[in-house]
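**Q** These protein sequence lines are chains A and B, in that order.
So the first sequence is numbered by numbering that gives the first Met the number 0: it starts at 0 and just counts up by one.
So the second sequence is numbered by numbering that gives the first Met the number 0: it starts at 0 and just counts up by one.
No lab work stands behind these hints, which were simulated from the structure alone.
Computed from a predicted model, the values in this text were never measured in an experiment.
From the three backbone atoms N, C-alpha and C, an ideal C-beta is built for every residue, glycine too.
Hints may contain errors.
[Claimed, not checked] Okay, the calculated beta carbon distance ranges per label pair:
no.: 1; chain 1: B; residue 1: L262; chain 2: A; residue 2: L268; range: 47 to 55 Å
no.: 2; chain 1: A; residue 1: R36; chain 2: B; residue 2: W120; range: 55 to 63 Å
no.: 3; chain 1: A; residue 1: G248; chain 2: B; residue 2: A481; range: 18 to 26 Å
no.: 4; chain 1: B; residue 1: L232; chain 2: A; residue 2: Q53; range: 22 to 30 Å
no.: 5; chain 1: B; residue 1: G200; chain 2: A; residue 2: V111; range: 34 to 42 Å
no.: 6; chain 1: B; residue 1: A481; chain 2: A; residue 2: V49; range: 23 to 31 Å
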Amino acid sequence: MSALERRPDERRAGTWMGVLILFILAAGFVSFVVAARIWWLPPLASRQGVITDQIFNAILIATAIAFVAVHAFLGIALIRYGAHGERRAAHWHEHLGAELTWTLVPAFGLVVLAILSEVVWAHVYSAPPRNAQVVEVVARQFDWHVRYPAPDGRFGRTDPKFRSTSNLFGEDPSDPVNKQNVVTTNDLHLVVNRPVAVRITAVDVIHSFFLPNFRVKQDAVPGRTVTIWFTPDRTGTYQIACAQLCGAGHYTMRGNVTVESQAAFDAWLRSQQKP
Amino acid sequence: MGAVAVREAAAAHEAHDESFIRHYIFSLDHKTIGKQYFWTTMFMGLVGGSLAMLMRRHLGWPEQGVLDPAQYLQAATMHGTVMIFFFLTVILTGAFGNFLIPLMIGARDMAYPFLNMMSFWTLVPGVLTILASFFAPDGPAGNGWTSYAPLAAVAKLSTGAQWGQTLWAIAILFVLISSLFGGLNFLTTIINMRARGLSMGRLPLTIWGIFITAILALLSFPVLMAALGMLILDRTAGTSFFVPPGLLVGGQLVRDRSGDALLWQHLFWFFGHPEVYILILTPMGIVSDVISTFARKPIFGYKAMVLSLAAIGFLSFLVWGHHMFVSGMHPLLGGAFMAATMIIAIPSAIKTFNWCTTLWQARIHFTTAMLFAIGFVSLFVTGGLSGIFLASAPVDIYLHDTYFVIAHFHFVMASAALFSIFAGTYYWFPKMFGRMMNETLGKIHFVATFLGIYATFFPMHFLGTMGNSRRLYSESFYPFLAKAPPIDVFISISAFVLGAAQIVFIVNVFYSLVRGPRAERNPWHANTLEWQADSPPPHGNWGPEEPVVYRWPYDYSVPGAAEDYIPQTMPAVPAGAPAGGEGE
């Protein structure tokens, strides 16, 4: 049996298929508009996040245009060009101008985006400012452990050989400064409008230190310490989520973040001092 | 081996008598091997799909506790593993590659029929191993399909999956070895055994896709094989390729290790990124051929299509680091990988525009195969565009490892590849089995699958923008995800519709196998060589005369020609047809 008729009428099928594609166009577009009001980026609370969100929005607009354009083109082509009667398709298959156009237009857009992203990327990973608050984070199944410096800003010596379940940071017991360092579990306190440099590592598997409101994420990798920095600019309480599968308890690995004034932070830190 | 010697070997192999075992089990015939692959991988696709249903059953209503946390991670891990390694990779090369290459290039069989048989029979122990791992004492692997070290390298750090993770690595080793056999065979066959007149510039795009896929596989699979070997040693022999010093394992400090946790990621993604193109280049070829055939119009920009396949293939080796933007590798590397990632989007965009242009002023026949090919374009566009967010490293910091990524790769890679498999099945089923598939069931299957895929994966973008990490057993621990559960319920219900739609496909395959109308040689009036063979083709494919090729495969609707298609074997240029520019 032959499945292709010589005098077909595929126009109705074409209309249906075109409508289906245009429905996807409409549903995709509308769902993003609705989601932007309900299911969207959590409220921003860091300075670095402003530019991240701007790039996100720029890409959103550019991709929305491409999504709508391609689906509209597809839908119209399907509705218009269903086979019918004996008339044949056009016979053309090369056009240098057209091909150059859709090589160069996306290329231009992508190059602009790449340059923009590279600049922001370089800034995100630049050296932290001198006045930055410094904290150390150690991830361990399934908690976030945070270490704060002594009032004079110093951290006691550490060495992995001292590491144990009760000394995750490997603090050297012979160093008196370690007595002034505060260690908390799942409780990260930050000072509003003051840059913070976070030194992140892990002691078992890879975790990922994810602060959604600050647009910050950094894998916590055992065997290496990575420093990131950002500037929280809105007081409040937020969460640390783990973004890298780290075992069965991955979904429970939540920490709390408190962004507060310098005075409130100092008072809190004093209250945490070892007796 | 020269082309002549290869042909003689193939002719000699054609002459032998066949016992039952030789014919159906240890067959050397590429068509039988292709069908063996087809049934095996379709079964594995069913396994992977069932695991997805189980995941969605849990994720829609996590408070009901259908799965415990370890079981959920095992279901998720095995869903990814089975779908990527045992379904998509293998069905595209093993089933379509094996069945189509000799037929589309006018050969009688593969260059190395015995190696071809070995390839399938190396896959079988892999399939059995991965299935057996479900019955391991503490279940199958549960550390994600990427199995990052040290989680997957130190048994005591992951709950469950002590045996499962090792079996996982062994099973994948079998698949990779099997694919290497296949890849070598594909390259040799395509280079040496093309019919007279079939220059590389006249190859159908399906064959171009398979050809470049085989190159990628040969260059990238050995890297993962080495990594898997190291992982197995780390797990069983006390080595520490991926285990850094100073870990706390079971409360004890482990100091006598000296590996690097990121080494696994580099090796894995050096394989892993070419791998996603291994899963999409063949589909791109299949879709190009299906669209051109049913548009009754030459594919637009054949040379650009081939060049962009090659460009994607080359660039796919330079982008693996975009999986590791937040891994702690040096930011300069991140910057370089971002640039390469932006560049690889260009050839993908070219292909999309060329498919769209092919439809303009066409005369489209809306067969089920064509519907799936059009669906492929839509899915590929949607998934490709979300990829631009992830390519921008600063934005990826936020979106990395959220559901946005899951939405992205399920559109651009998983669903798109799946749609090309459906398109290919509806298109070549008559050639494979000599019967037509039911078009009504096919169209029901298409509409339900197309809407089901969008309804399932599109809302995952919004889980991603909310910051919902992937692989979470439940999001109830995070107050900022309080609005997520309704989306999860919607996704789960959509996924069940999507799953149910596949029952229509299964019914259609088996019904058509028995009751489908007999297929003529060339039911779609297509130009490529396989349609000049009987449906199904006999052993040796062609009668006494091997086909000779006179033209490229896209001579559709040539003005002045008697029909709106001119098979590649048609010698003379019809009066009035333009003589030049036909793909040479």
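**Q** The structure should be examined with respect to each hint, and the outcome stated for every one.
**A** Taking the hints in turn, this is what the structure says about them:
At roughly 38 Å, the beta carbons of L262(B) and L268(A) sit outside the given window of 47 to 55 Å. At roughly 56 Å, the beta-carbon separation of R36(A) and W120(B) lies within the given 55 to 63 Å, and the hint holds. Checked against the hint of 18 to 26 Å, the pair G248(A) and A481(B) passes, with Cβ atoms roughly 21 Å apart. In this structure the supplied range 22 to 30 Å is violated for L232(B) paired with Q53(A), their Cβ-Cβ distance being about 47 Å.
In this structure the supplied range 34 to 42 Å holds for G200(B) paired with V111(A), their Cβ-Cβ distance being about 35 Å. Distance hint check: the CB atoms of A481(B) and V49(A) are about 25 Å apart, consistent with the given range 23 to 31 Å.
Figure legend: structure checked against the earlier numbered hints; hints not met, in rising order: 1 and 4.
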